[in-house]
Amino acid sequence: MPRIAFTPQLRRFTATPEVDTPAATLREALEAAFAVNPRLRGYVLDDQGHLRTNVAVFIDGRRCADRIALADALQPDSRVHVLQALSGG
Amino acid sequence: MTASRAWLATRKGLFELHRQRTGWEIARLHFIAEPVSMLLPPDAQGRMLAALNLGHFGVKVHASDDGGDHWEEVATPAYPPQPEGAAGPEWKLQQIWSLEASAGGRLWAGTLPGGLFRSDDFGRSWQLVDPLWQRPERLEWFGGGYDAPGIHSICPHPAHPDELLVGISCGGAWITRDGGASWAPHTRGMVAGYMPPERAEDPNTQDPHRIVRCDAAPEVLWCQHHSGIFRSADNAASWQAVEAPLSSFGFAVAVHPREPDTAWFAPAQVDQRRLPVDAALAVNRTRDGGRSFESLRTGLPQRHCYDLVYRHGLAVSADGQSLLMGSTTGNVWASDNQGDTWGVVSLNLPPVYAARFG
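If you read the protein sequences in the order shown, they are chains A and B.
Be aware that the first sequence starts at 2, since it is given in this note's numbering, and climbs by one per residue.
Be aware that the second sequence starts at 240, since it is given in this note's numbering, and climbs by one per residue.
Just chain A, with the same shape it has in the complex:
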């Protein structure tokens, strides 16, 4: 089952659950984590539900391609890491 984890940098603001989820896309995986901690949504996504400019997401070691719809496909054993980008901020 795909697993999604968040940068420990976020822990000073809010809980960052590591979630195993049968998600088929990045957005579904994020929603599974937001269901555990709703406040996490605003740290990762902006007002329009897009990935924040200075947040980076890696899926199995590759940077996600779709920062708007977050439609990147996940494999059954995918590992998703939500990190802070080094640019900006």
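It should be emphasised that the hints constitute simulated quantities derived from the structure, not laboratory data.
Hints may be right or wrong, so weigh each one.
Here chain A is said to cover these stretches of chain B; the calculated rule only asks that three of the stretch's residues, wherever they fall, bring their Cβ under 8 Å from a Cβ of chain A [claimed, not checked]:
id	region
1	252 to 261
2	291 to 299
3	322 to 335
In silico negatives: residues of chain B with every beta carbon more than 12 Å from chain A [to be verified]:
id	residue
4	273
5	354
6	560
Which chain A residues face chain B? A few, computed with CB under 8 Å, are given here [unchecked claim]:
id	residue
7	4
8	39
9	44
10	63
11	67
12	85
13	86
Remember, predicted model here, so these are calculated numbers, not experimental data.
For every residue, glycine included, the Cβ atom is placed at its ideal position computed from N, Cα and C.
Mind docking chain B on chain A? Use the hints.
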């Protein structure tokens, strides 16, 4: 009553200052290392807000019910879904640039990219003031200070809870008298020297860097504009230009809460040279509505000073006696005699975004 507490919102935290026998001392630092773009000082019950602008993770609002002893994150103002093809800046919150409370307790947050938000539950929820956001003129607003337009000044009317004036860089000055349901521009007399002559008086191109209102005489407003200083004595129905010594350019203005003719300014040389005239820091004070000024320098650096006092960097206390001034270099000065003399609070702080008493 002599001011005993003050706050500095900075690039690396919210500094709480307490008055000691020797002067202002840093008593506490809240949100260390986080950018705090604005604060709402404690009300009579100790309720206050801090607006954070986290570099990676966006804008966040924290509330305290006990003057900063304990904080909790509350709701962040959020723009509604942007319609397909909507013109103008993206409907995404970039920064909270102003926070004020109306007489009835309603809170207002001015933001980049130009939206005004309202809260009736002290920040636990926020609503976009849609009638202002939907004004067609908004699409003519443009950035001033940042790439996107922003609301930096919110002037509630102390006697009329439903009346509010907001100042926008660059989008002029707007007033509502029905709690935000309808809005009208109020810039007659302002002139934008950076525009083509035929549009110099266009309300939507005015860049009021900061607008403040006199509490005791709310029909009097002072504006430090990109193209000079303007004063209104008729609640923004008209504005009159005022000439100050050294320079009429700058960002900050403070008005005495009880004496509408007394105001302070922190002049910078010119638009393209944003530093003190002759690298010597001064504060301009008028006591006669702008007919004359004094340039106050005692205690302020007079050699090789390159500090800029930004929009919210100059504050006056509720009794009109104390001033607090912070610069984008991170230097802070205070005065207890209306600016006659100044003392150093700190020369080692992060860039100061806002100074407030309370």
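We went through each hint and held it up to the structure:
1. For the region 252 to 261 of chain B, the stated coverage by chain A is not satisfied: 0 residues place a CB nearer than 8 Å to a CB of that chain, which falls below the threshold of 3.
2. Here the region 291 to 299 of chain B counts 6 residues with a CB under 8 Å from a CB of chain A, which clears the bar of 3, and the coverage holds.
3. Beta-carbon proximity to chain A at under 8 Å applies to 4 residues in the region 322 to 335 of chain B; the threshold of 3 is reached and the given coverage holds.
4. For residue 273 of chain B, the condition that its CB be more than 12 Å from all CB atoms of chain A is violated, with the nearest at approximately 9 Å.
5. With a least beta-carbon separation of about 10 Å from chain A, residue 354 of chain B fails to lie farther than 12 Å from that chain, contradicting its non-interface assignment.
6. For residue 560 of chain B, the condition that its CB be more than 12 Å from all CB atoms of chain A holds, with the nearest at approximately 39 Å.
7. Because the smallest distance between the Cβ of residue 4 of chain A and any Cβ of chain B comes to about 21 Å, over 8 Å, the interface hint for this residue is violated.
8. Below 8 Å, beta-carbon pairs count as interface contacts, and residue 39 of chain A has none with chain B, the closest being about 11 Å; its hint is therefore violated.
9. Proximity of residue 44 of chain A to chain B holds as hinted, the smallest CB-CB distance being about 4 Å (cut-off 8 Å).
10. With a cut of 8 Å, the hint placing residue 63 of chain A at the interface with chain B is violated, because the nearest CB-to-CB distance is about 20 Å.
11. Given the 8 Å rule on beta carbons, the hint for residue 67 of chain A is violated: about 17 Å separates it from the nearest Cβ of chain B.
12. For residue 85 of chain A, the interface hint holds, the least distance from its beta-carbon to any beta-carbon of chain B being 4 Å, beneath 8 Å.
13. Among the interface hints, the one on residue 86 of chain A holds; its C-beta lies about 7 Å from the nearest C-beta in chain B, closer than the 8 Å criterion.
Checked against the numbered hints listed earlier, the structure breaks hints 1, 4, 5, 7, 8, 10 and 11; every other hint is satisfied.
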